[in-house]
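**Q** Chain by chain, the residues:
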Amino acid sequence: MLKKLLFIGVVLLAGLHGTMATVEGEKAEIFMTDIGNKVINLLTDKSISQQERASQFQHILETKFDVRAIGKFVLGRYWKHASKEEKEKFLALFKASTVASYATRFSEYSSEKFEVVGSRTEKDGGVTVLTRIVRPNGQAILIDWKIFEKKGELRIYDVILEGISMSITQRSEYAAVIQQGGGKVQALITALEKKTGKPIS
Amino acid sequence: MLTLFQPFRLKEISKDLGSAPGMKLLDGNSESNIKRLSLLKTSIAFLIFFSLVLSPSYAQQDAWSYTDDEQHPGKQETLDAEDWAEIMDSPPSAEDYDPFESFNRFIFGLNEFIDMILIDPLSRMYHDLVPEFGRERVGYALRNLSEPVVFANNILQGDLEGARVTLGRFVVNSTLGLAGLFDVSTDLDLPYKKEDFGLTLASWGVEAGPYLVLPILGPSNARDAWGRAGDYAMDPINWWSYHYKKGFYSYIRTGVQVLDAKTENLELMEELKDNSIDYYATLRAWYYERRKDLMHEKEEREALDTPRPDDDDE
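Protein chains in written order, with the working numbering: chain A, 1 to 201; chain B, 202 to 515.
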């Protein structure tokens with residue numbers, strides 16, 4: 001409760017003092033530049049194994065993203081219907097499948113440049129950092145990162161690729177899987193297990 | 202520039218690839234293809250009309266998402282106060298509005314099949330035979346040829362600033378950019394902004410309507426399907442080629458558009474497919490989000506609908 005009041009206080013102050021909001025933006029931009037560099041180093045380091053790379057990605061995911069909040073959002077209205085066990089299973093599988101999908105994406109990496117272009121404070125108190133990945137042929141892909149502060153540290157809550165929110169589209173996809181499985185969250189868990197090849201007992 | 206939905210927009214009448222020189226996939230001269238073309242257009246128009254007239258009213262759009270799921274078909278379940286509170290709590294997923302889902306999935310499967318036996322192999326050949334530089338030139342030239350339609354839509358939307366930019370792009374790229382082969386306008390601060398008649402209709406307040414998967418053309422919705430028809434009718438290249446009875450220039454252009462769009466997005470689409478459990482649902486969501494983004498509505502939505510921190514709960 002106190003934390004909430006403090007947070008609201010900070011947001012109000014940010015509204016009164018424009019500079020405070022800018023600092024937030026700058027902080028977030030530095031945060032993203034940092035992550036960008038980490039990831040690029042990871043990708044260009046040919047000496048580490050695929051396993052090691054995947055586990056480092058997982059570490060980045062766990063420390064720089066808020067996987068629980070994203071997972072909860074992505075499960076949408078089914079979160080409330082899920083048992084505690086289902087929630088835990090789902091989150092573990094969600095994490096594994098996210099790591100796997102980014103690992104395949106990045107395996108084709110070859111000297112793309114990651115640039116932080118700017119940032120924008122949002123009405124809901126978060127900051128969107130605008131970045132760009134420039135391919136060797138000059139074409140650029142725009143990626144926005146939605147960042148909030150949680151317990152004193154910055155975390156990523158959504159990735160928006162060319163204007164398309166990954167969380168929203170994933171939520172839609174998972175909802176379809178659950179519906180096809182008769183409205184049971186277990187259907188999604190089973191599908192994710194198949195996808196990642198990792199049964200969670 | 203990621204033109205994700207170019208393949209769906211531009212996969213026009215690709216069966217008419219048959220009449221392009223060298224292709225013996227479909228028999229017949231261009232006349233019978235024109236007849237087939239008008240039959241196809243008529244059936245698509247009928248399908249869309251059918252869906253607009255007979256689809257559930259938009260007022261029921263919210264109810265649709267909730268009364269059906271988690272219930273056995275045919276079984277009525279009363280919702281108590283708690284359920285209703287929960288339903289009202291989470292906003293309806295408009296992106297899932299798909300009353301013709303089973304039919305759409307069927308067409309989707311059909312499209313995947315056509316893709317597999319025809320479009321995909323062709324685009325891989327194109328990718329392997331033509332170097333990146335060449336493919337880029339083709340892509341830019343095609344985009345330049347589509348600027349007149351973009352211009353028309355800018356005007357129809359009352360977007361004079363956009364119209365100015367589009368006109369500038371067309372003139373500069375056609376001259377300095379050597380008939381559109383080079384996109385010099387972007388560097389001159391005249392960026393490309395795609396507009397089509399579907400977006401124009403949206404700006405006039407027309408709702409998207411039910412999600413539709415069109416044969417060959419791919420993901421769409423009731424409004425955007427009419428949009429494609431409108432764009433096709435507005436395209437001066439099509440006027441020119443029909444008027445001068447050189448129909449096959451129009452077909453060649455369409456064919457190349459299909460190839461270009463498909464090849465450019467080959468990796469992305471494959472990756473999307475491999476990473477999704479339900480590719481149909483993924484594309485449906487992507488299409489919806491993409492259209493929303495093109496309509497500039499995102500600013501309002503963004504603030505409401507993203508994951509955000511909350512107190513850890515169970």
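By construction, these hints were calculated from the structure, which means they are not laboratory data. Yeah, the Cβ is synthetic: ideal placement off N, Cα and C, and Gly gets one too. Check before you lean on any hint, since a few could be wrong.
To be verified - Listed next, the in silico DMTMM-like pairs over lysine to aspartate or glutamate satisfying Cα-Cα at most 25 angstroms (straight line):
hint, chain 1, residue 1, chain 2, residue 2
1, A, Lys-4, B, Asp-506
2, B, Lys-395, B, Glu-362
3, A, Lys-87, A, Glu-162
4, A, Lys-123, B, Asp-511
5, B, Lys-394, A, Glu-115
6, A, Lys-4, A, Asp-34
7, A, Lys-46, B, Glu-472
8, A, Lys-113, B, Asp-506
9, A, Lys-27, A, Glu-115
10, A, Lys-95, A, Glu-26
11, A, Lys-64, B, Glu-472
12, A, Lys-3, B, Asp-506
13, B, Lys-395, B, Glu-337
14, B, Lys-493, A, Asp-34
15, A, Lys-151, B, Asp-506
16, A, Lys-95, B, Asp-316
17, B, Lys-493, A, Glu-122
18, A, Lys-46, A, Glu-86
Unchecked claim - Distance windows between CB atoms, simulated:
hint, chain 1, residue 1, chain 2, residue 2, range
19, A, Gln-186, B, Asp-329, 38 to 48 angstroms
20, B, Ala-434, A, Lys-151, 53 to 63 angstroms
21, B, Val-331, A, Arg-135, 33 to 43 angstroms
22, A, Asn-41, B, Glu-313, 31 to 41 angstroms
23, A, Gly-181, B, Val-372, 14 to 24 angstroms
**Q** Checked against the structure, which of the hints given earlier come out wrong?
**A** 3, 6, 8, 10, 14, 16, 18, 21 and 23
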